[in-house]
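Here the structure of chain A is known, so what remains is to put chain B in place on it, guided by the hints.
Protein chains: 2
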Amino acid sequence: MDASAPLREVALECRRASRALQALPSAARVALLHRLADGLLASSDTVLAANARDVAAAEAAGLAAPLIARLRLTPAKLAALAAGARAVAALPEPLGRAQARTELASGLELTRVAAPLGVLLVIFESRPDALPQIASLVLRAADGLLLKGGKEAAESCAALHAVVAAATASEPTVGPGLVALVTGRAAVDDLLRLEDCIDLVIPRGSNALVQHIQRSTRIPVLGHADGVCHVFVHASCEPEMALHCVLDSKCDYPAACNAMETLLLHAPLIASGLAARLLDALRAAGVTLYGGPAACALLALPPAASLHEEYSALACCVEVVENTQAAIAHIHAHGSGHTECILAAPGADAEEFLAAVDAACVFHNASTRFADGARFGLGAEVGIATGRLHARGPVGIEGLMTTRWLLRGEGQVVAKDAGVTYTHVRLPLE
Amino acid sequence: MDASAPLREVALECRRASRALQALPSAARVALLHRLADGLLASSDTVLAANARDVAAAEAAGLAAPLIARLRLTPAKLAALAAGARAVAALPEPLGRAQARTELASGLELTRVAAPLGVLLVIFESRPDALPQIASLVLRAADGLLLKGGKEAAESCAALHAVVAAATASEPTVGPGLVALVTGRAAVDDLLRLEDCIDLVIPRGSNALVQHIQRSTRIPVLGHADGVCHVFVHASCEPEMALHCVLDSKCDYPAACNAMETLLLHAPLIASGLAARLLDALRAAGVTLYGGPAACALLALPPAASLHEEYSALACCVEVVENTQAAIAHIHAHGSGHTECILAAPGADAEEFLAAVDAACVFHNASTRFADGARFGLGAEVGIATGRLHARGPVGIEGLMTTRWLLRGEGQVVAKDAGVTYTHVRLPLE
Chain A
0 MDASAPLREV ALECRRASRA LQALPSAARV ALLHRLADGL LASSDTVLAA NARDVAAAEA
60 AGLAAPLIAR LRLTPAKLAA LAAGARAVAA LPEPLGRAQA RTELASGLEL TRVAAPLGVL
120 LVIFESRPDA LPQIASLVLR AADGLLLKGG KEAAESCAAL HAVVAAATAS EPTVGPGLVA
180 LVTGRAAVDD LLRLEDCIDL VIPRGSNALV QHIQRSTRIP VLGHADGVCH VFVHASCEPE
240 MALHCVLDSK CDYPAACNAM ETLLLHAPLI ASGLAARLLD ALRAAGVTLY GGPAACALLA
300 LPPAASLHEE YSALACCVEV VENTQAAIAH IHAHGSGHTE CILAAPGADA EEFLAAVDAA
360 CVFHNASTRF ADGARFGLGA EVGIATGRLH ARGPVGIEGL MTTRWLLRGE GQVVAKDAGV
420 TYTHVRLPLE
Chain B
0 MDASAPLREV ALECRRASRA LQALPSAARV ALLHRLADGL LASSDTVLAA NARDVAAAEA
60 AGLAAPLIAR LRLTPAKLAA LAAGARAVAA LPEPLGRAQA RTELASGLEL TRVAAPLGVL
120 LVIFESRPDA LPQIASLVLR AADGLLLKGG KEAAESCAAL HAVVAAATAS EPTVGPGLVA
180 LVTGRAAVDD LLRLEDCIDL VIPRGSNALV QHIQRSTRIP VLGHADGVCH VFVHASCEPE
240 MALHCVLDSK CDYPAACNAM ETLLLHAPLI ASGLAARLLD ALRAAGVTLY GGPAACALLA
300 LPPAASLHEE YSALACCVEV VENTQAAIAH IHAHGSGHTE CILAAPGADA EEFLAAVDAA
360 CVFHNASTRF ADGARFGLGA EVGIATGRLH ARGPVGIEGL MTTRWLLRGE GQVVAKDAGV
420 TYTHVRLPLE
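Top line first, the protein sequences correspond to chains A and B.
Mapping of the first sequence onto numbering that gives the first Met the number 0: position 278 corresponds to residue 277, and the numbering continues sequentially without gaps.
Mapping of the second sequence onto numbering that gives the first Met the number 0: position 250 corresponds to residue 249, and the numbering continues sequentially without gaps.
No lab work stands behind these hints: they were computed from the structure.
A couple of the hints might just be wrong.
Copies of the same chain are indistinguishable here, so a pair counts whether it falls within one copy or spans any two.
The calculated BS3-like cross-link candidates involving lysine-lysine, where the alpha carbons are at most 30 Å apart (straight line), are [as the list claims (entries may be wrong)]:
id, residue 1, residue 2
1, Lys76, Lys150
2, Lys415, Lys150
3, Lys415, Lys76
All figures in this text were calculated on a predicted structure; none of them were measured in a lab.
Just chain A, with the same shape it has in the complex:
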């Protein structure tokens, strides 16, 4: 017998439940999100007790303090998760939203509408908060969801999943199987083979995890392997703003994928003194600096091992470039297509950078740290995609949906294109 057969049944039940969810009226789907929020608050004792067992085990196993901090749930975090579910409930109804309308011919109207993507497999590492956040987005999009959490968070995830399952089970046609919790690495490997049952895999975690998954499946994978973000400081910039934005881009949360990993300095900044001020400020903030070839020669920095490195720590690479075109060329050669920023006076250089840089997010005079679904106002995010297809950048509900083309007619036929007179009038969205 195929070892993955029971998992196949789990995935097929996700699909069935998601179609049942999709068939419910909008108000009933919104109510499920409020029931999830209510459940997170009502079950907080159970969830926190389960989490305390995970934390105790992690401490006994000697996990690093930052990992334990990510693992730990608190009443405040649960309240924030409940508020997050209600915020997703308050977003405009995504299902069936018209994206385009065209009259093809008299009495023949085409509408492209948003539709659930299908069954998602989301794999996340230790932070258990991710479970209700992702479940909220998936409920709003009317998708089915297979979730695999980190083993350090096993008890927390089980307790949080019980809250989600109780919420979805309150709609009898949907049932508890809309969101399924999967445990064990072997189960993931089996799920990655179910390309006929699962529509999208979203890994959230280390580069190693993402790359392993990309190599192990024929199911489309949404995510990013690395974030090598650049900040290019142009000579026209306002110096205090540049100091402010560079420090925030690197130091606000150095382990984030949207943190600056390479600082590109416009050559005239060396003579103006701003280059030295920027490097001094970074050093004063505890940042270890490495140089590209030009920066090593001009600024006496130790050489970077690579110009494509995600330090994920208080460290970064510095390079000197002659002009905006050289900065863009450096980014195209060494970037990861995540988030790229120019700090410059408004004008031709900023516009050229915004128009030409081929990345998910391109910023002018703002910290790279803004590249985030919540900060972008997407409600929440399931991750940041650096691929070019489907969703790019922070992925919110829209990235968890697909489209359908609905054509409403009165019996029109093609008849070798003599059946109707095509008008192709673009109609307004209602």
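Structure of chain B alone, referenced to chain A:
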């Protein structure tokens, strides 16, 4: 030496040229399309002579008449191709088009804009018309393009490619390498390994071709393996309209992927006599009928070998279902997610079908044959996608583009989310 190294250089030149094209003003990019149209007319003698050699070789090799008809170019076809390039030139500028605008905080504005997807590999079989059609769309989207045509059309493709290359070379920064013609099956296998240089593969051709490519590459593949389209005739339909639409769906062009392959009959149609009229009309049009289990028992049809079969000929399967929900369940169990149609009076059954059927195209009272990029008003199509990610249904220019998030600020920082007061005001599109 890596055998694919020269092809890697070709692909990298596509990327470079596409970025140069993207940097041109809109009018210059539009002018290239008109130059392509002019070239198709000016070079028609050369192109037709090359095509005549392909046709002669195909006739000598004993190719089937329909294949030779697809291979053959005529002055009228070339004029239509030139007109097609001008129609694509007349479409609204896609590059940089704002899809969404949000004020994140005072003075901090986020815009999601359309951007070129990158480098595409399009593999198509005998019909050489596809080359200038695809090149037109790709020029409008400012992508790079690697094209592999069928070997029967080798001379025609070379002549048509020369016209495209001459057009792109008229812009010196772009050059002739924006659209590259690749020959030989081995070259395709090498290209399919260049996942770091090619962003999307679009195979146009047989199921076998599409499946071979899906199995052979880690590059995302856009396309469809099969089209098993259903027409469900509900008892509330207008009988003459049903006859008209069913016949057109099957007979207008039986080899097309949007042709009806299964006719689902609502059970009351047997007693009303419309079932018999529909089957008689199909038989009179030369259609061979097979039955699903219920149709075999109720309508004395020979059994279909499979309920998921793309006949691509004057043949189809017939099945009888009890109600709309059973029709939807049959489509979800046996369809290919391409195009599904209900013929019914406006009302609850039609709306349920439109809301629930999980397919790229869902029609009410119109022939399935309308599922086509040109008929949908997309300018032209590179194919029909039945996957759920990125583009679904007929793929026009939008499917050849991705998005970028542009953030324009005044030096705002995140500062652990205390740096700005988020407003998240949705702004109108200009």
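### Task
Check each numbered hint against the structure and report the violated ones by number, ascending.
none
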